[in-house]
Amino acid sequence: MADFGTELDVFRTETREWLEANCPASMRTPLTAEETPWGGAKFKWANPDSKIWLDRMAEKGWTAPMWPREYGGGGLTAAQARVLEQEMARIKARPPLFSFGIWMLGPVLLEYANEEQKKTHLPKIVRGEIRWCQGYSEPGAGSDLAGLQTRCEDKGDHFLINGQKVWTSYADQADWIFCLVRTDTSKKHEGISFVLFDMTTPGVEARPIKLISGESPFCETFFTDVKVPKEQLVGKLNGGWDIAKRLLQFERQNISAGGFGGAAGLEIEEVALAHVGSDNGKIADGDLRARITAHKMDARAFALTVRRVEAEAKSGKGLGPAASILKYAAATLNQHKHELMLEAMGADGLGWDGDGFDRRNVRETRAWLRSKGNSIEGGTSEINLNVVAKRVLGLMDHQ
Amino acid sequence: MAILNEEQTMLRDAAKGWVADKAPVTALRRLRDTGGWKTGYDPAAWKEMAEMGWTGVIVPEAFGGSEFGYRSLGLVLEETGRTLTASPLHATAGAAATALVLGGTDAQKEAWLTKIAAGEITAALAVDEGAHHHPASVAMKAEKTASGYSLTGIKRFIPDAADADLIVVAARVSGTPGDTAGIRLFLVEKGAAGLSATPLHSIDNRAHADLAFAVTPAELLGDPGAGWDVLSATIDRATALLAAEMMGTATQAFEVILDYLKTRTQFGQLIGSFQALQHRAAKLFTELELTRSCVDAALDAIDAGAKDAPALVSLAKAKANETLHLASIEMVQMHGGIGMTDAHDAGLYMKRARVAEALYGSSSYHRDRYARLGGY
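Line order of the protein sequences matches chains W and D. The numbers in the working numbering rise by one with no breaks, and the one at position 305 of the first sequence is 305. Offset between the second sequence (1-based) and the working numbering: plus 399.
Worth flagging that the hints you see were computed from the coordinates, not collected in a lab. These numbers were taken from a predicted model, which means no experiment stands behind them. Positions of the beta carbon are idealized from the N, C-alpha and C atoms, including for glycine. There could be a bad hint or two in this list.
What the hints assert, rightly or not - Here chain D is said to cover these stretches of chain W; the calculated rule only asks that three of the stretch's residues, wherever they fall, bring their Cβ under 8 Å from a Cβ of chain D: (1) 117-125; (2) 303-316; (3) 321-335; (4) 385-393.
Given these sequences and hints, build the entire structure.
Below, the structure is given as structure tokens:
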């Protein structure tokens, strides 16, 4: 509340000048999939400007604008962070870093980790030095995540971990993992702990899974007698479930706020006009036009809802009930968009690869396939609806 | 802004309290059962609404209003929408007042807005002539006379027009239906020669009327005359306000459903514990939240004079139509047999829903308009 208009105006002017001076020209063009800046020790930078941009932003702590300065963050207020967002949007600056560390792990470390853990991990996350992956789902524990079986035994001076994770995003490219493990087999939710470890530890193996889209963003990850120092437990032993749930909230919020749409995707009405034809400026197929319009209106309603949720949160009232519907709505919307896009492209959207197909259309087709995961990852839509029904609407469990 | 200020919060809370106390759904039932659909409202309740300042919310201070804006009037209408309150508030203090504010001369504002703000008169806006909302299709003829104009033609299903002291009428001085350039707005007073109103007994028991004009004396609104731009802007504002009322109706329908899910028992279980119903409730809740964002954004855009207000209004009305439609169907279905009885309120909500969906444009009308505004 210390931000009076004038102070914020000064901050805006300084931020604008700094961004103008420091954001490389190529970082003001639409982000492409190839140049997505994930960072980490193994990362190969497709565009050297991406690394320069990351380093400059990280130096100011602006990859994590609202984290405390003592852990490398920007120490900005919510109002200042909003100004930074607006000023970045003004020059169309790319995000400097894509990071599970910033979106998911960092916020829970700030809440649950001890001082040494925060000092060790948070600054590296801010600088994009360490790329993190998430060890949550297992072959037998998907929607019923708390049924996870990966064993973590106390061996006196260390933990010993054995088991398997699945759907571990980019595990083959990650440096460290935040992982849910079973430390008590006699209880379900109360027998889970939250540990961090290095993916180069002997006994860790990540195997990419090929998806229907042809991509392999997820892995099966195997742990065989993996030794983990005991100080890498976050929070209390057997107290991991609360951390897990909190982290899932950040994950869903992040998915919700950004939606699932790709930054450089095609505009569906333009695709329809180009492929179906125009009747005095209107999409010539009236039925398709009506369905595309209904979708565009739903997308606008979603964007307005994200804005409303943010405004309510920033007014100090906390996250209102509208926040709970965002992940479900985002998934439904994105899948609908891709189905319409595929339909609008017709034969031009049925290409897998090679000559005869425009690369941008192939990308949309692959994105259509990828979007089928939206209603599964980060909690299925059915689980999301359960959560809304029980936690928000107060409907009861079956007796 | 999306967040309410202190005045708006007070206005909403006062409206909530008054509606619960003075205008529960039983008030509509009483009106219906005593033939009240001809006038459409309870004069004593209307007087109280005016005393609380609701009739002057969008009226400039110079003409006796509070000039709180459309978002504020939307808050009041949302509350009256919750209990299906029958009143000429939307027609008088929303639609007709807007036409005067946007298009009237100072003399016309002085003559009519002060009376609207004071609650001394009721007024209506008469545009549509056919079964569907389509303002450009106005065919009614306006002809110049020695003292002003005369109107000849009909208007169909006009809210709160039968008993209105003043009717703002769209008619054309030139061109043919579909051509917007020849449309002007006119003021016609109650009892004008050649004006006849037929009250309609409609499913929602609100006061709608068919109007017939036969060389009826009329005064041109504005100088040199308010045309299509004023009419469009007026309709946008009236549409957004109706969407706010519908938001209230849908929200109340949902809350009644939720209450039933938490109290009705079958198979030894509260029916709200069945996942099939939980998911339908959660989906309806999702639609309500998405729709609320659109309605708020449309009213805020109007108050801010934003360029994208027309698109946001069409978005708000289309979403309000769809969501209230869904809520009204679910209200009947989730209640089972009792939802089919006249004793339960579900039927009243569904009947009002269909009327509100049609007024100021169906979903397909607004989807088409949204696409046109978007250039596809």
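A quick look at each hint next to the structure:
{"no.": "1", "hint": "117-125", "verdict": "violated (count 0)"}
{"no.": "2", "hint": "303-316", "verdict": "holds (count 7)"}
{"no.": "3", "hint": "321-335", "verdict": "holds (count 5)"}
{"no.": "4", "hint": "385-393", "verdict": "holds (count 7)"}
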